[in-house]
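Asker: Same order as they appear, the protein sequences are chains A and B. Mind the numbering: the first sequence is residues 1 to 161 in full-length UniProt numbering, read in order. Mind the numbering: the second sequence is residues 1 to 161 in full-length UniProt numbering, read in order.
Derived by calculation from the structure, the hints in this document are not laboratory data. Predicted, not measured: the structure shown is a model, and the values here were computed from it. Check the hints yourself; a few may be wrong.
One copy or two, either will do: identical chains are not told apart, so a pair holds if it fits within one copy or between any two.
Below 20 Å or equal to it, Euclidean Cα-Cα: the simulated SDA-like pairs (lysine to any residue) are [to be verified]:
(1) 133 / 103
(2) 6 / 112
(3) 48 / 77
(4) 6 / 114
(5) 133 / 96
(6) 133 / 111
(7) 133 / 97
(8) 136 / 148
(9) 133 / 95
(10) 133 / 71
(11) 136 / 102
(12) 48 / 70
(13) 136 / 33
(14) 133 / 18
(15) 48 / 18
(16) 6 / 97
(17) 133 / 112
(18) 48 / 4
(19) 6 / 111
(20) 136 / 96
(21) 136 / 75
Number of protein chains: 2
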Amino acid sequence: MRLTTKGRYAVTAMLDLAIHAGEGPVSLADISERQGISLSYLEQLFAKLRRNELVRSVRGPGGGYQLNREQRDIDVAQVIDAVNESVDATGCGHSGGCQDGNTCLTHHLWCDLSSQIHDFLSQISLADLMTRKDVKTVAERQDREQLASFEDSLISAKVTA
Amino acid sequence: MRLTTKGRYAVTAMLDLAIHAGEGPVSLADISERQGISLSYLEQLFAKLRRNELVRSVRGPGGGYQLNREQRDIDVAQVIDAVNESVDATGCGHSGGCQDGNTCLTHHLWCDLSSQIHDFLSQISLADLMTRKDVKTVAERQDREQLASFEDSLISAKVTA
DNA sequence: TAAAGCCTGACTGAATTAGTTGGTTAAATA
DNA sequence: TATTTAACCAACTAATTCAGTCAGGCTTTA
Numbered sequence: 001m002r003l004t005t006k007g008r009y010a011v012t013a014m015l016d017l018a019i020h021a022g023e024g025p026v027s028l029a030d031i032s033e034r035q036g037i038s039l040s041y042l043e044q045l046f047a048k049l050r051r052n053e054l055v056r057s058v059r060g061p062g063g064g065y066q067l068n069r070e071q072r073d074i075d076v077a078q079v080i081d082a083v084n085e086s087v088d089a090t091g092c093g094h095s096g097g098c099q100d101g102n103t104c105l106t107h108h109l110w111c112d113l114s115s116q117i118h119d120f121l122s123q124i125s126l127a128d129l130m131t132r133k134d135v136k137t138v139a140e141r142q143d144r145e146q147l148a149s150f151e152d153s154l155i156s157a158k159v160t161a
Numbered sequence: 001m002r003l004t005t006k007g008r009y010a011v012t013a014m015l016d017l018a019i020h021a022g023e024g025p026v027s028l029a030d031i032s033e034r035q036g037i038s039l040s041y042l043e044q045l046f047a048k049l050r051r052n053e054l055v056r057s058v059r060g061p062g063g064g065y066q067l068n069r070e071q072r073d074i075d076v077a078q079v080i081d082a083v084n085e086s087v088d089a090t091g092c093g094h095s096g097g098c099q100d101g102n103t104c105l106t107h108h109l110w111c112d113l114s115s116q117i118h119d120f121l122s123q124i125s126l127a128d129l130m131t132r133k134d135v136k137t138v139a140e141r142q143d144r145e146q147l148a149s150f151e152d153s154l155i156s157a158k159v160t161a
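Input sequences plus hints: build the corresponding full structure.
Answerer: Below is the structure:
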């Protein structure tokens, strides 16, 4: 099982996309600012998300990314799979060749755990996450912060002008 | 959440210990041979397991390790915690300071997942694992292999003598 | 007293993460 | 049409972790 910031970043970014879906394509620069993830790292993640057809892109000014399906048809497991290539606790890729060709003593335990985790994450869609109170609260805070820093940049632009 | 060969090795070794509990202390050399884990790596893992009071050691010739509790009182989560220091999917250690001091958008999701995994693993004891058919099958194979390689070494000792 | 075991710490190669740098291409707008 | 915006792409890198080795201890008991 591989669950690092990589997968967390991907899910966070996808949720940000879902939250701001009503405002047209969302640029990676916006996501970067709101979620505190480096722009170029986001580019790498979205390349994979796009190859897995979870998002579609709109190029040029005013462009950005959009979800490629309904929010309830994208679950967390799909997003993590897309960037991690595999969500697997076995280490032998379920093949059973963990101990020079044979299955190791605990092979089946890790198989069970893998499917447990996968089941859990695949039952949670972006739509589900959006309805959560804690998600709403954090999203509102992030929007406020982004607006504030935008206004700041307007002021400093005026000062330097 | 951190689940790598490290935790898997630890659980495998503990299960080996449980299986061969009837034969007195089990040496790391035996575990190393049966489970295909390097001896010095096992030493590192068992140092942590001992500090966490999951095993006790018997020194001197014929010595080795033994479980420090009943098999049903040692669960998989305890073993993984002992060698990994933490089994946590959040990345902020449940503190909520994931996004420069504030909680990130998906913080609670990872909290939920962490406890899901922990619950699953803490409900499986070494005693539970021992009753599994797949575990028994693999254990028998490993014992046969070890015996075979021991007999081989006897023969080659005779030849060189 | 020596063999067999444990303990410690320092070190290493490989892989992965989390980026950075420096471009290019496509589309909208001025 | 030139410029700007933002996606796209590829190579590189610093830091970390994993998995394991190595060297040299120290303890216990046959």
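Asker: Is it within, between, both, or neither for residue 48 and residue 77, if the alpha carbons may be no more than 20 Å apart?
Answerer: Answer is within; shortest intra-copy Cα gap is 14 Å, inter-copy 33 Å.
Asker: Given a CA cutoff of 20 Å, do residue 133 and residue 18 count as a within-copy pair, a between-copy pair, both, or neither?
Answerer: For residue 133 and residue 18, the Cα distance is within 20 Å only inside one copy (15 Å; across copies 46 Å).
Asker: Measure nothing new, just compare the shortest in-copy and cross-copy C-alpha distances for residue 136 and residue 148 to 20 Å and report within, between, both or neither.
Answerer: Result: close within a single copy only, 18 Å intra versus 63 Å inter.
Asker: Check residue 6 against residue 114 for me: Cα-Cα at most 20 Å, and say if that holds within a copy, between copies, both or neither.
Answerer: Answer is both: 18 Å inside a copy and 16 Å across each meet the 20 Å cutoff.
Asker: How would you label the pair residue 48, residue 4 (within, between, both, or neither) given a Cα cut-off of 20 Å?
Answerer: For residue 48 and residue 4, the Cα distance is within 20 Å only inside one copy (16 Å; across copies 24 Å).
Asker: If the cut is 20 Å between Cα atoms, do residue 136 and residue 96 qualify within a copy, between copies, both or neither?
Answerer: Classified as between: cross-chain Cα gap 16 Å, same-chain 43 Å, threshold 20 Å.
Asker: At most 20 Å between alpha carbons: which applies to residue 133 and residue 95, within, between, both or neither?
Answerer: Answer is between: at 18 Å across copies they meet the 20 Å cutoff, but 41 Å inside does not.
Asker: With identical chains, the pair residue 133 and residue 103 could be close in the same copy or across copies; at 20 Å between alpha carbons, which is it: within, between, both, or neither?
Answerer: For residue 133 and residue 103, only the inter-copy Cα distance (13 Å) is at most 20 Å; the intra-copy one is 44 Å.
Asker: Within, between, both or neither: how does the pair residue 133, residue 96 come out at a Cα-Cα threshold of 20 Å?
Answerer: between (42 Å within a copy, 15 Å between copies)
Asker: Pop the pair residue 48 and residue 18 into one bin, within, between, both or neither, using alpha-carbon distances up to 20 Å.
Answerer: within (17 Å within a copy, 44 Å between copies)
Asker: Treating 20 Å as the Cα threshold, decide for residue 136 and residue 33: within, between, both or neither.
Answerer: Classified as within; 18 Å inside a copy, 54 Å across copies.
Asker: Are the CA atoms of residue 6 and residue 97 at most 20 Å apart within a copy, between copies, both, or neither?
Answerer: Intra 27 Å, inter 17 Å, cutoff 20 Å: inter-copy only.
Every hint from the earlier list agrees with this structure, and none is contradicted.
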